[in-house]
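For the record, the sequence lines run as chains D and S. FYI, in this note's numbering the residues of the first sequence are 1 to 204. FYI, in this note's numbering the residues of the second sequence are 1001 to 1162.
None of these hints come from the bench; they were simulated from the model. All clues stand as given, with none of them false.
For the chain S half of the interface with chain D, some residues (derived, Cβ under 8 Å), not all of them:
#1 1047
#2 1050
#3 1051
#4 1052
#5 1054
#6 1055
#7 1060
#8 1061
#9 1066
#10 1144
C-beta atoms are modelled at their ideal positions from N, C-alpha and C, and glycine is treated no differently.
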Amino acid sequence: MIIRTLSLRLLGIALLLPAGISPALALVSNMLAGPPQIYLQVGDGNYSPANGPGVNATVNTVRVNVPGRVLGDGSPQIMNSDSQTRSSLRDGFPICEDSTQVYIGAWWRDPGTATSSATLSISAPQFLISENSDRIPFSKIRWDSTAFGDNTAHIAAGNFGALHSTAIVLNTWVENCHIFFYANDVLVPTGTYKGTVTYTLSTP
Amino acid sequence: MNSARTLFTAMRTARSLAVLVATCALFALPVAPAATHILEEMPVGPAETTVPMQWVSGGPGGTSLVQGSMLAPLKLNTTRWRGKLGRVYMVLPPQIVGPVRARWTTRGDLLPGELLAGNRALVYSGTLPAYLTDTLTLKLEADGYRLNQPVRLEFRFEIDVE
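Put together the whole structure using the sequences plus the hints.
Written out as C-alpha cells, the structure is:
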C-alpha cells in the first residue's frame, strides 16, 4: 500500500520594493536672508519702531546770533537747532535735553558680515559765506558729543576743520546728541554766514 | 486491519502535521508594531516657493528675528491606509542656520500648529481618507544674523499607523 506522505511547503512572503524610490518632498521653501539695512538720522527724521526706517529730506538748521557786545571776544557761543527730536529712537528715552542738542543716530545690519563696520563721516566746506561774500572758516565751529543718561561720545566730538569719521559696528545702534559752539575768536563783518554740514554713513 | 491502522496512523500524522504547521504559522507571523511612513505629496502647487524674509524689529538692539510667509497648497496621498486610524505629522529637519520656527493656519483637513526645526507636529489624527488636502498659510521665523544665505527648508509629512 502506498502511504501518501503529507508535506507542506511554507511560502515565504517577501516585500519587494522597487529600487531608487524616495518619498516626494511635500513642501519646500527657499528662505532668503533678511535685507541689509542702513539708517542715519541727523536732527529730525522718519523712523518708528513699528515701521522701521523711512526717508526724510528735512535739513535742520543750527544757528547763533552773536551779540555785538561780545563779538570776537573769544567767548564760545552755543548754537541752537530747530530739530524737534529729543528722544532715543531705540527706546524713547529723552537723551537730547533741549534745542541746543541735535540728535544723531546711526546703525546698519546685514546678515553674516560679522566683523565689519560702517563709517559715519562728518564733513563741511572750508568756509561759511555771508550774503556779502565774507567768510568764516568752518573750523571755528566745534561740537561736543553726549546724551542724557550716557555721556559717552559714541560719535566722537570735534570741529569742522577736518574730516571726522566714526566706526559703526555691525548690528549696533549708535546715538548721541551734538552740541555746537561757535568759537567767536575773530572779528568778522556783520552778516548771516551760512554753510552746510554733511553726515554720511557708508557700509563696507 | 492493517489498512485501518495504516489509515489511522496517517490521519494522526496529518493532524500532527496540521498542528505543527499551525504552530509554525503562529510563530512566523509576528504582531506588527506601529509603523511610521513618509507620505507622498500629489502635485498641487509650485514645487518650491521662495520666501523673502523681513526684519521683525525696526532696527538693531531689539529682536534679531526675520520672518516671512507663504501659501502652501497640499494634497497628501493616504490611499494606502484609507479607513484606518492614523496620525499625520509635519516634519522639519534641523537647520544649519540655527532655530527656525514654522507656524501655520489651515483651511481644510489638517490641524493648525507650529514646530521648531528638528521636531515634528501633529496635523491630523483620526480615520484616514484617500487624500488629505489643505492650503497652509505658513509663517517662518529665523535668526536674521545667522541667516546669511538662502536656506532650503524641506518639510515632509509622516504617518503613524497601527
